[in-house]
Amino acid sequence: MTTREQAVLKAKNWIGKAWLKAFGWRLETETPTTPKFVVVAAPHTSGWDLPFMLATSYVMNVPISWMGKRELFAPPWGWFMRALGGIPIDRSRHHNVVDWAVSEIQRSDDLVLAVPAKGTRARADYWKSGFYHIAKGAQVPVALAYLDYGKKRCGLGAFIMPTDDVRADMDRIRRFYAGVTAKFPDLEGEPRLREEEAAMPAAVAPQPALAAAV
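Just add 1331 to the spot in the sequence shown (first one is 1) and you have the working numbering.
The set of hints was computed from the structure by calculation and includes no laboratory data.
Honestly, I wouldn't trust all of these hints.
Under the rule of at most 27 Å between Cα atoms (straight-line distance), these lysine-lysine pairs were calculated in the DSS-like manner [as the list claims (entries may be wrong)]: (1) 1483 - 1514; (2) 1352 - 1483; (3) 1482 - 1514; (4) 1348 - 1367; (5) 1343 - 1400; (6) 1459 - 1400; (7) 1352 - 1482; (8) 1467 - 1483; (9) 1482 - 1467; (10) 1459 - 1367; (11) 1483 - 1459; (12) 1341 - 1367; (13) 1348 - 1483; (14) 1400 - 1514; (15) 1514 - 1459; (16) 1514 - 1343; (17) 1367 - 1467; (18) 1482 - 1343; (19) 1483 - 1341.
Being a predicted model, the structure only gives us computed values, none of them experimental.
Could you put the whole structure together from the sequences, leaning on the hints where they help?
Listed below in structure tokens is the structure:
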């Protein structure tokens, strides 16, 4: 690492600590044991989630890349979002995103990719499964990141290596996030993937909840 890179890392660390301290938050985290993994960015119900996520990564000295809708990268601030690690994603071509991400992780020596599992700040009946398939395809763990607005704590809470049993994996994820409070709890449903219900009998498959009225 060059002297300039060390200086940038030190400055970001200071900024992250100052941000969390200003809002009265504390870092409670597991230490990564691998330089490559997929971060589940959850819960995600507010525009405040991004600065808190970045502050958390700065304090941990873990540079992250994150995917966002392409509208966030429009002028005049597109360059700034990219400087923060942002990667614009065209939702109309979502079927290519998983393959692209897997390729990027496989050819990189150290890439931490944050994926907003819900894919939107609005309420959704299901999480997007991209984070799961990216991690499984690249053979890297899923890190369960969290922003707990109720207890003002943040960090990486657990690392899960995806298996062939998606429902069992998601049960672990649900147990973890059950105690995490979003900025706007009414916009955050239970973590669930459509893939879990594909093989379930119709009689026992849970029914999607009605979206909250706006």
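Structure-based check of each hint:
1. 1483 - 1514: holds (10 Å)
2. 1352 - 1483: holds (10 Å)
3. 1482 - 1514: This hinted pair holds, its Cα atoms lying about 11 Å apart.
4. 1348 - 1367: Holds, at roughly 24 Å.
5. 1343 - 1400: Roughly 24 Å between the alpha carbons, so the hint for residue 1343 and residue 1400 holds.
6. 1459 - 1400: holds (14 Å)
7. 1352 - 1482: Holds. Residue 1352 to residue 1482 sits at ~14 Å (cutoff 27 Å).
8. 1467 - 1483: Violated. Residue 1467 to residue 1483 sits at ~31 Å, over the 27 Å cutoff.
9. 1482 - 1467: It is violated: about 31 Å lies between the C-alpha atoms, which goes past 27 Å.
10. 1459 - 1367: holds (21 Å)
11. 1483 - 1459: holds (26 Å)
12. 1341 - 1367: At roughly 21 Å apart (the allowed maximum being 27 Å), residue 1367 and residue 1341 satisfy the hint.
13. 1348 - 1483: holds (14 Å)
14. 1400 - 1514: Answer holds: residue 1400 to residue 1514 is near 20 Å, not above 27 Å.
15. 1514 - 1459: Roughly 20 Å between the alpha carbons, so the hint for residue 1514 and residue 1459 holds.
16. 1514 - 1343: holds (24 Å)
17. 1367 - 1467: holds (12 Å)
18. 1482 - 1343: holds (24 Å)
19. 1483 - 1341: holds (24 Å)
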